[in-house]
Amino acid sequence: MVYLDNAATTFPKPAAVTEGVLRAMRLFGANPGRSGHRLSLAAAREVYRCRELAAESFGLAQPENAVFTKNCTEALNIVIQSLLAEGGECVVSDLEHNAVYRPVWELARGGRAAYRVAQVVPGEPERTLENFGAAVGAETRLVVCTGASNVFGVKLPVACIAAMCRERGVPFLLDAAQTAGAEVIDMERDGVDFVAAPGHKGLMGPMGTGLLLARRPELLRPLLYGGTGSASLEPEQPRALPDMLEAGTLDLPGIAGLAQGLAWVRARGEKNIEARELSLSASLWDALSRVEGVRLLSPRPERGIAAPMVTLLVSGMTGEAAAAGLDALGVAARGGYHCAALAHRKYGTLGTGACRLSFGPLNTPEDAEKAAWAVKKLAAGQY
Amino acid sequence: MEETYFLTSSITYAMRGEELLRNSGFRAHVVRDRELNPHGCGYAICVRGDRRAAEALLVSGHIRTVGVREA
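Protein chains in written order, with the numbering used here: chain H, 22 to 404; chain V, 524 to 594.
Hints in this document: simulated from the structure, not taken from any laboratory. Each hint should be verified, as a subset may be incorrect.
Stretch-level coverage of chain H by chain V, calculated; a stretch enters the list once three of its residues show a Cβ under 8 Å from a Cβ in chain V [stated by the list, open to error]: (1) 83 to 94; (2) 172 to 181; (3) 247 to 254.
Not the full set, but computed from the structure, chain H residues with beta-carbon under 7 Å of chain V [said to hold, decoys possible]: (4) Tyr69; (5) Pro263; (6) Asp264; (7) Ala268.
Here the structure is a predicted model, which is why all the values come from computation and not from measurement. Ideal Cβ positions, reconstructed from N, Cα and C, are used throughout, including at glycine.
Sequences are here, hints too, so could you generate the full structure?
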């Protein structure tokens, strides 16, 4: 089976990640930050090592401001619900995943906050930036956008949007679900206030892991309250990170695996990973660009333009049907709506959905060739 | 040699402080003692050597401490 569903979660994982999980469970599976025995301290040390790696990977000076969450969605929710707790407006793009769209929509439905949608103009970062600038107003409390569309791969001019937000004094949150680990994200350099990232995609960790990285922790509030192992006699949740946002026992095995994933990515370098994934996905895009019955919806994957994925429709088929056909031919792809109604509405694919083939660091040229063969078979009705 | 316990507000600060001190040549390790640190996280950094220099290093590294005890 050729796995091309890496935008949902990367697979396979590096062997070191699996070994990291097993090592934590076998050798020091005690509760980190709760007890004084050596196993608990060893567990806490492993957690801290991962925290340091995470902070370094995103150009964040303070390791304590790298917070573990169970996924990217939780990290996004913490920031969105903190910044809009007192009302105001949020600006989002028209390519957002439901992990952003649903929290802001829910706040708006309850009348607690409002949101504006800024139009992304693919291939024209200046116009996209203008649209974000026009959407920001006196009531804006937060701007949040994805680094790249999870459906169509289109990249957003994140550094420019962050700079505009800094000038206007509005906090900026980056949804790095599709870009963490696959491009360099430097929060200090680019002035990004918050980054939400999944641990299990480009960072190569296990599912059930996520990160929130905060340059402005003073703006945050807990989403979950409970034990932190600190200030235990006080009813109030500690206000300092990471404890404020890490109530309850941490996922030590997951975090140990994530540490290995982060180290694996750093050893290879995000730029090298990005170049490899773009090369493979571009070769698939090129192979399908003139095939009768295949409609490519995503731009050709290129640095700064589009993420390493090829999203398409095969004539006479829904995206879901195309993905099922590819499955039968030995290629794992994602059909349907990709939890992104806004993006499908923008591209006019609400009626059909789409089929997405997304690349990861461990794909090979042979994978791209087999995918091209399989899509051509589908388009020719030979399956 | 004199031992000093820097009581921290969380295990994360204890770990970061320990690393900071070790990188500067101090002998330091994290311990847990609720009696030493009943109001914080229960963790402290035990340091051997010049207390004032260690304290200055922790302050410069923005390590949140909730108290200091001599052994």
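So which hints don't hold here, by number, going up? When the structure is compared with the hints, numbers 2, 7 turn out to be violated.
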